[in-house]
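Student: Given next are the chains, with one letter for each unit.
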Amino acid sequence: MKVEITVNGEKKIADVSPETTLLKMLRDEFDLTGAKLGCDVGDCGTCTVVVDGESVNSCLMLAARASGSEVLTIEGLATFQKLHPVQQKFEDLGALQCGYCGPGMIMSAKNLLDKNKSPSVDEIRDALAGNLCRCTGYTKMIEAIQEAAKEINTTNAL
Amino acid sequence: MRPLDYIAPKDAKEAVDLLLENSDSSCPLAGGTDLIVDLKHNPGNITMLVDVSCIEEFRGIKEIEEGLKIGSMVTFGEIMSSELCQKYIPAVIEGAHTVGAVQTRNLGTVGGNLVTCVPSADSAPSLMVLESIVTIIGTDGYKSMPIEDFFIGPRKTILKSHELLVNILIPKKNLSKPSKFLKHGLRKGQALALVNAAASMYLNKSDIISEPKIALGAVAPTPLRALKAEAFLEGKKYSEEVINEAAEIAVSEAKPIDDFRSSAKYRCDIIRTFTKRVLIQSADQAKQKN
Amino acid sequence: MVTRNKDLQKTTESLLKKKDSQAPSKKPVSVPGDNPVIYPLDLPESDARLQTPAVGARATRPDGRLHGLGQTKYIDDMSFPHMIHAKILRSEYAHAKIISIDTSAAEAIPGVLATLVGDEIPVNTFGPTFQDQPVLADTIVRHKGDGVAAVAAVNEQIAADALEKIKVVYEPLEAVFDPQEALKDSAPKIHGDKTNIYTSKIIKKGDVEKGLAESDHIFQRQYSTQMVEHVPIEPHASIALWDGNGRVSVWSSLGRITLGREDLSRTLSLPQSKIRLIGTIVGGNFGGKNEITNEPILALLSKKTGRPVKCVFTRGDEFISSTIRHPFVMDYTTGVNNDGKIIARKIKLILDGGAYCSWTGTTIGKGSILAAGPYNIDNLFVESYAVYTNKTTTGAMRGFGAPQVCFAYESQMDEIAEKLGIDPLELRLKNAFTEGSASPTSQQLQSVVLKESLKQASDRFGWKEWKK
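These protein sequence lines map, in sequence, to chains A, B and C.
Residue numbering for the first sequence is 1 to 158, as defined by the working numbering.
Residue numbering for the second sequence is 1001 to 1290, as defined by the working numbering.
Residue numbering for the third sequence is 2001 to 2468, as defined by the working numbering.
Hints are computed from structural coordinates only; laboratory data are not their basis.
Treat the hints loosely; a few may be bogus.
[Stated by the list, open to error] Here are some of the chain A residues that sit facing chain B, going by a computed Cβ distance under 8 Å:
| id | residue |
| --- | --- |
| 1 | Met1 |
| 2 | Ala14 |
| 3 | Asp40 |
| 4 | Val41 |
| 5 | Gly42 |
| 6 | Glu54 |
| 7 | Ser55 |
| 8 | Met61 |
| 9 | Leu62 |
| 10 | Ala64 |
| 11 | Arg65 |
| 12 | Gly68 |
| 13 | Ser108 |
| 14 | Ala127 |
| 15 | Ala129 |
| 16 | Thr139 |
Keep in mind the model is a prediction, meaning the values are calculated, not measured.
All C-beta atoms, glycine included, are put in the ideal place defined by N, C-alpha and C.
Let the sequences and hints guide you as you build the complete structure.
Tutor: Here is the structure:
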């Protein structure tokens, strides 16, 4: 079936079988391998992408369902000029180790900051509950998200 | 995933017809957070998905004369950010907040949660203590019933395979009723409830309890109303002893099982503690309103 | 916020600026074909990494940039033209004889290109300590995670469907799941016919019986720990390509590629010079990716089909088939004087090894040597046995047996402190290793700052105040 979708600002069309998940379409049809398959059941969150402004597990969403939507993936976050503040702070603070959870984690963090300009530690933990990381213990990520929030707020205030 | 057909019908009637025509092989698709997992790992004989998530009639949260109407395909994320829900039914938001995690809440729907009908469904207890009415649609048209009658057993509702849940109505008299939901899971996110509980009640100026409602999840084959504990509380003066006694009665009404998540004995301890807590916190709200 | 080294920042900025000028537009990086120009893949080494000592300085990870951009290529992000996908059928039983395997129905499915069973593998055994594990079980399955056959097909779903068509006839054997049961004479023997103990260790120091007899108090307790799976977010994954010159290239999430190449060489009966094993960035290892799993299977499926073959473990494969942490059953008998001085300690460790040895050699060694804890004990006896059971194979996991024994000896230290009415911290300080202390195996220890560490740590978290 034909799926028309806007991914990272670009209109795309794919012909996929109906059982294709959004994740599979992003990876196999569009070569966007940032979002990853970790558990295949919606527990680990490494497949997280933002669909019409809401973060979702792309492994649990059919591509057909996303037809007509605007999808943002990790690949659409940075521009040539600049990393997204969350990406920059994750890098500066060493928030990622093996990195496999990173794309999903950063998308969840980005989505949180879009909705909540200065999240508390508890709010950050709540927002990351659906993203599992086995390396870091999350502490650096929480710090990085708080730093990113500060930066975004400072930039916006200027 | 195995090859599937996917159809997104335009309205409820078309969906019902499709499901009826293909009753051996079709299944309605709501948020998909349970169903897609099943289809990946244990597909059974399902070869057709009827996507009901975009049907207008099943969408939206509206304040109507009879109360607050929540479409069955409203996601938990939508409930949490709905101003109407925040204003009228905070306990339902508390329940929604404990479902999965952000990403699953943005996909998962309240109707899907109720129809999946696991004993630990986190949306059920709050809706039960607010005496919600569910409306279903089938070949004979619409039918409404109290939410308790909707649940038959583990993973089994009153729905026939072609019938669909349309909406959930929280009656006007229970909007803004003091109420509280709590859940105990092994971690805060992405965990099924070992026990969840909700309560609602009114207190008058002399602290007399009226219309107390208690609902418990993951303690019996379906989400359960603790009717004896409710009857005990009705008309009593609010006190620690009365709440403790009600919690004991609630424990006796539950039929928890041993499973890999928890022993029945541990569940009983949690039921006791949580029944107390949801009652006390509902009462605190009631006192504030007075 | 820790600011990065200014020079480094400048270098990065100028680097970015330079790239900016080359950048054609402000489009997101996902635009096809435009991807790589901007990335400072030649990010300068942060000074902290070059400093000696680097302690206290923040170092940036060289791979951090690509991780954050989602551009790191893990195995599942790689593909080759005409690549096909493999799936592995797991055993139906914890312990059974394989009577026959019939793959013909699977091969008949359109899209299936090849199947593989154990007796097609040139040398069907591997293992990092000793080679007791089949790549695909061909005569006996010893746990439910044992692979019995593999299928390569044009996509994963067809491969998965084909697995269901493979007919395996088993003759179930009695299974044993408890390591203590497995020690009994009557227990079914999992390898050979004599015993399920496959490796053991004994450490003796002083005279433990005399020491215990002379102690004021004896403490005795059994401790046990459970299985733990590493759960790397990236499941085991590899791609193999057998080329026309008889050489095989394998891209794998394996952590130990040189050892992996040895195992590939053995199992494929191919000289190491003909094997190229490329370790990619690993999406979480924790000890669970230290040995080959499906690599020889993929190599042979590639040989059969002439295609690159990929296999990514499902989360289910990951739990039942990859290695896990050894559960320990630990008997501790400790003799202590009234003042808290430990006089003697007798320890028996039973390691639940699961179906195969894997990294048990390292685990039993480390577990045994560390079993007495970081305490000066003159009279010590440690005996350890690793035992086969019909469960998931246990192997390397962070600490190789150290966390298990630590749980036991520190639990017992708390019990001793409580019973004798001594502050738990004081009890540890009284017995702790100091500079020049000898380990249970008589290694003279240097740079020992245990007491200082304990004191500083307890000061920082307010131990004394908390005690009040």
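Student: Given glycine 68 of chain A was flagged as interface, is its beta-carbon under 8 Å from a beta-carbon of chain B?
Tutor: violated (10 Å)
Student: Less than 8 Å between beta-carbons is the criterion; does serine 55 of chain A satisfy it with respect to chain B?
Tutor: Result: holds, 5 Å to nearest chain B Cβ.
Student: Given alanine 129 of chain A was flagged as interface, is its beta-carbon under 8 Å from a beta-carbon of chain B?
Tutor: holds (2 Å)
Student: Does alanine 127 of chain A hold up as a contact with chain B if the rule is Cβ-Cβ below 8 Å?
Tutor: Nearest chain B Cβ about 6 Å off; hint holds.
Student: For the hint on methionine 61 of chain A, just tell me whether its beta-carbon gets within less than 8 Å of chain B.
Tutor: holds (6 Å)
Student: Quick check on glutamate 54 of chain A please, does its C-beta sit within 8 Å of some C-beta on chain B?
Tutor: Holds, about 4 Å.
Student: Against chain B, with CB atoms and a cut of 8 Å, does the hint on threonine 139 of chain A hold up?
Tutor: Not OK, violated: threonine 139 of chain A not within 8 Å of chain B, min 16 Å.
Student: Does the CB of valine 41 of chain A sit less than 8 Å away from some CB of chain B?
Tutor: holds (5 Å)
Student: At a threshold of 8 Å, is the proposed contact between aspartate 40 of chain A and chain B supported by beta-carbon distances?
Tutor: This interface hint holds because 6 Å falls under the 8 Å limit.
Student: Go through the hint on alanine 64 of chain A and say holds or violated, using the shortest Cβ distance to chain B against 8 Å.
Tutor: holds (5 Å)
Student: Given serine 108 of chain A as an interface hint, is its Cβ closer than 8 Å to any Cβ of chain B?
Tutor: holds (7 Å)
Student: Against chain B, with CB atoms and a cut of 8 Å, does the hint on arginine 65 of chain A hold up?
Tutor: holds (7 Å)
In summary, the numbered hints that this structure violates are 2, 12 and 16.
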